[in-house]
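Colleague: Listed here are the chains, written in short residue letters.
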Amino acid sequence: MADTLSRARAGRRHGGPPGEPGRIAYLYLAPALVVFALFLLFPLLRSVWLSLYEWNGLTVGTWVGLDNYTAVLTDPALRRPFLNALLLIGFFSFVPVVLGLGLAGLMARNPLRGSGFFRTVLFLPQVVALVVVGVAWQDIFAPAGQLNGLLRWVGLDSWTRAWLGDPTFALVTVGVVGTWVGTGLCVVLFLAGLAKVPRELYEAARLDGARPVREFFAVGLPALRGEIAVALTLTVVAALRTFDLVYVMIGSTGQSTRVPSYEVYDRAMLKGEVGTGVTIALLLTAVILVATVLINRLAERAGS
Amino acid sequence: MTPVSTRTYLRRRHGRPTAVLGAAVLALGLAACAPGSTGGEEGGTETEASDVETDVAAMGDVTLTVWDQEVRGGQDEQIEELNAAFMEQYPNVTIERDSRSFNDLRQTLRRAITGDAAPDVVQANNGRTDMGQFVQAGLLRPLDGYAEVYGWTERFPESVRALASYTEDGATFGEGHLYGLAQVGEVVGVWYSKSKLDGLGLEIPTTTEEFEAALEAARESGDLPIQFGNLDGWPGIHDFGFVQNQYVSREEIRDLGFGREGASWTSEANVTAAETFTDWVESDYFTEGFNGLGYDPAWQAFADGEGTFLVAGTWLLADLEAAMGEDLGFFLPPVGPSGEQAVTGGTGLPFAITEASENPDVAAAYIDFITSEDAMTAIADAGNLPVVDADPSAVDGAQAEVFQAWETAGEQDALVPYLDYATPDSYDLLTAQVKALGGGSTSSEEFLDALESEYTSFTSENTGG
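These protein sequence lines are chains B and V, in that order. With this note's numbering, letter number 228 in the first sequence gets 228, and the count goes up by one each step, no holes. Here this note's numbering = 1-based position in the second sequence + 304.
Take the hints with a grain of salt, since some may be wrong.
Example chain B residues on the side facing chain V (calculated, C-beta under 7 Å, incomplete) [unchecked claim]:
| # | residue |
| --- | --- |
| 1 | P43 |
| 2 | L44 |
| 3 | Y53 |
| 4 | G155 |
| 5 | W159 |
| 6 | W163 |
| 7 | G226 |
DEER-style ranges, computed between Cβ atoms [said to hold, decoys possible]:
| # | chain 1 | residue 1 | chain 2 | residue 2 | range |
| --- | --- | --- | --- | --- | --- |
| 8 | B | A25 | V | M391 | 56 to 66 Å |
| 9 | B | R80 | V | E357 | 48 to 58 Å |
| 10 | V | D623 | B | W180 | 50 to 60 Å |
| 11 | B | V154 | V | S757 | 56 to 66 Å |
Quick caveat, the hints were computed from the structure, so don't treat them as lab data. In this text, a Cβ means the ideal position worked out from N, Cα and C, and glycines have one as well.
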């Protein structure tokens with residue numbers, strides 16, 4: 001029996017279609033799998049495990065089952081941070097994608113002299129560390145900063161305010177910085193996407209009498225579907241997990257500017273509520289996962 | 305965000321399996337393990353005075369690991385010198401020092417003192433979410449026995465010891481056992497420009513009435529009365545506390561600050577304090593748009609001559625003196641309708657001994673050494689305010705005024721705790737509420753109601769009361 005089996009296996013290995021992945025493939029996959037398991041899977045499972053306990057990081061944790069999840073989902077103090085994250089998606093994601101489409105459309109159509117330079121400048125915010133970005137913008141939004149100075153200079157004195165200290169505007173200012181950071185990424189992505197559109201398509205559209213705007217919607221936009229999905233994924237993830245900009249620009253104050261990542265940090269690292277902190281982190285991970293899947297599904301459906 | 309060290313954490317221990325969800329955990333291969341180590345008994349192991357050994361030289365070769373947060377210039381030097389002097393006096397002791405910034409220390413200490421290689425001496429933040437939880441978890445040792453032997457009880461005034469005292473269950477702050485000793489003191493008072501006050505033809509205001517007159521005079525002269533930057537939120541706790549110091553009795557502020565039963569945020573005195581704070585905002589006594597101005601830019605602007613007064617802590621001494629020199633002065637909050645001197649303040653982070661320390665006697669001798677008279681002189685020389693033995697006649701300029709203020713605060717028992725010590729959530733609440741009160745988005749009534757409801761729900765739940 002064993003003999004037959006092993007012969008059958010051996011036969012399969014030799015007789016199988018060429019290129020079929022055999023067990024040997026796992027050997028090649030192993031290094032990546034080990035790294036993945038060690039640095040992603042293990043911490044993730046460990047987080048799930050920690051989320052089932054009430055633990056202050058010091059004494060022995062108490063098993064609470066799913067209580068942390070119930071607590072987090074019903075905590076009214078946590079609704080605002082997640083709503084704030086939604087607002088940030090608008091600023092970090094939708095605005096940059098729309099702006100990026102417009103700018104890329106313009107730049108692709110009217111090749112400027114020195115367009116490489118502009119592309120570099122637009123992309124620069126992506127290269128600078130967000131902490132540095134935050135500190136620089138903090139200066140601009142300061143009560144005696146450049147923004148208020150500009151408003152006074154043009155006579156809009158009544159518009160000036162303590163931007164970062166104003167509960168209504170503080171998060172919006174962070175959002176504006178997010179837009180500034182994200183737009184460059186979108187432009188560069190979309191320009192790359194537009195570059196691969198065959199010239200003939202544009203010519204055909206023009207022969208059909210399409211004007212520049214129509215031409216962009218008929219030819220450029222459909223070609224950018226993949227890039228838009230990538231841009232949306234990257235920026236939505238950036239918006240949902242924002243921590244550094246809020247931490248640097250505003251700090252720890254007030255419900256109006258709390259974001260989910262900040263709650264994780266605050267509870268797990270500062271307040272000794274490891275269980276709830278980890279639970280929020282896991283829920284945030286789930287939200288991000290769902291968002292990325294949805295975006296990619298939508299992109300695929302739009303293509304078919 | 306500061307990277308967190310990946311040192312050992314989470315020792316596992318057998319716990320109780322739970323039927324239904326236990327299956328899920330089993331699937332993870334982590335069944336029946338609860339996170340965290342057993343730690344010690346609640347409140348830590350006490351060493352009786354009669355068991356304390358003080359002869360360090362006779363204790364054989366010892367390595368003492370010390371975690372501190374004294375990373376800034378003068379303080380860093382001072383600690384290095386004291387460590388070297390200690391090792392010279394006791395060649396059998398090696399001190400391994402690990403210094404981190406305050407934030408880094410706060411984030412890593414939690415895991416370090418539960419680990420296998422816990423340090424012997426740590427600087428722990430006084431508040432409930434730090435020292436309070438450590439005490440409850442039995443991770444720090446009570447020092448009462450040592451205090452008796454080394455005479456700390458006589459050397460350190462009660463108001464200072466209270467800031468490192470907890471009951472064994474960690475629930476009551478400000479009473480119970482002593483868990484640490486600090487090197488430096490701090491009070492939140494008024495920094496001022498001598499030339500500007502002279503220019504207004506005024507003396508140092510000692511009453512609220514005089515102070516308000518000075519604010520008005522400063523404003524009329526075209527200067528900013530009080531420089532204030534509250535973007536970071538916590539300066540608001542200090543500036544509101546400064547007003548409260550003048551209106552509310554010390555006992556009431558202490559009960560509120562330590563989260564003890566018996567006081568009320570909605571008392572008449574607190575109502576007047578909150579209304580006065582709003583009045584000052586509406587009278588433009590504070591920097592325009594202070595909620596959007598950072599703390600550092602604010603005191604730097606004051607040092608550059610923008611503002612007559614700055615309500616801030618004595619920890620700015622070295623920085624402000626470097627910028628303003630002879631022109632800098634400091635005084636305690638004026639005495640207001642409460643009729644007694646009160647000032648928000650406390651100590652630097654106390655040095656504590658961990659439960660895991662194998663040489664608590666050496667650790668205690670070390671703490672005694674770095675808080676000795678010689679040590680205090682070194683601290684004063686480094687431009688800081690030593691917690692005891694601050695002799696105003698031994699220094700000059702603004703430092704002498706700071707030392708004088710500290711001495712007066714001690715003599716008159718004027719020290720009241722930071723308001724955010726009250727409950728684990730009061731830091732978040734106070735920063736947000738003072739911002740809202742100052743920004744005009746909440747009334748003084750709503751402000752006090754919010755604080756009162758947090759205070760009452762905490763004190764009624766907190767068994768230690």
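Colleague: If a hint holds in the structure, say so; if it does not, say that too.
Modeller: The hints, checked one at a time:
A distance limit of 7 Å between C-beta atoms decides the matter here; for P43(B) the minimum to chain V is near 11 Å, and the interface restraint is violated. Taking 7 Å as the C-beta contact cut-off toward chain V, the hint placing L44(B) at the interface is violated, the least distance being around 10 Å. Because the closest C-beta pair between Y53(B) and chain V is about 6 Å apart, less than 7 Å, the hint holds. At a threshold of 7 Å, the smallest CB-CB gap from G155(B) to chain V is about 18 Å, leaving the interface hint violated.
Annotation: W159(B) was flagged as interfacial toward chain V, and the flag is violated, the nearest CB pair being 13 Å apart, outside 7 Å. Hint status for W163(B): holds, given a least beta-carbon distance of 6 Å to chain V, under 7 Å. Proximity of G226(B) to chain V is violated relative to the hint, the smallest CB-CB distance being about 33 Å (cut-off 7 Å). Checked against the given bound of 56 to 66 Å, the beta carbons of A25(B) and M391(V), roughly 60 Å apart, stay inside it.
R80(B) and E357(V) have their C-beta atoms about 55 Å apart, which keeps the hinted 48 to 58 Å range intact. For the pair D623(V) and W180(B), the supplied restraint of 50 to 60 Å is violated, since their beta-carbon distance comes to about 33 Å. Distance hint check for V154(B) and S757(V): the Cβ-Cβ separation is about 45 Å, which falls outside the suggested range of 56 to 66 Å.
The structure fails hints 1, 2, 4, 5, 7, 10 and 11 (numbered hints given earlier, in ascending order).
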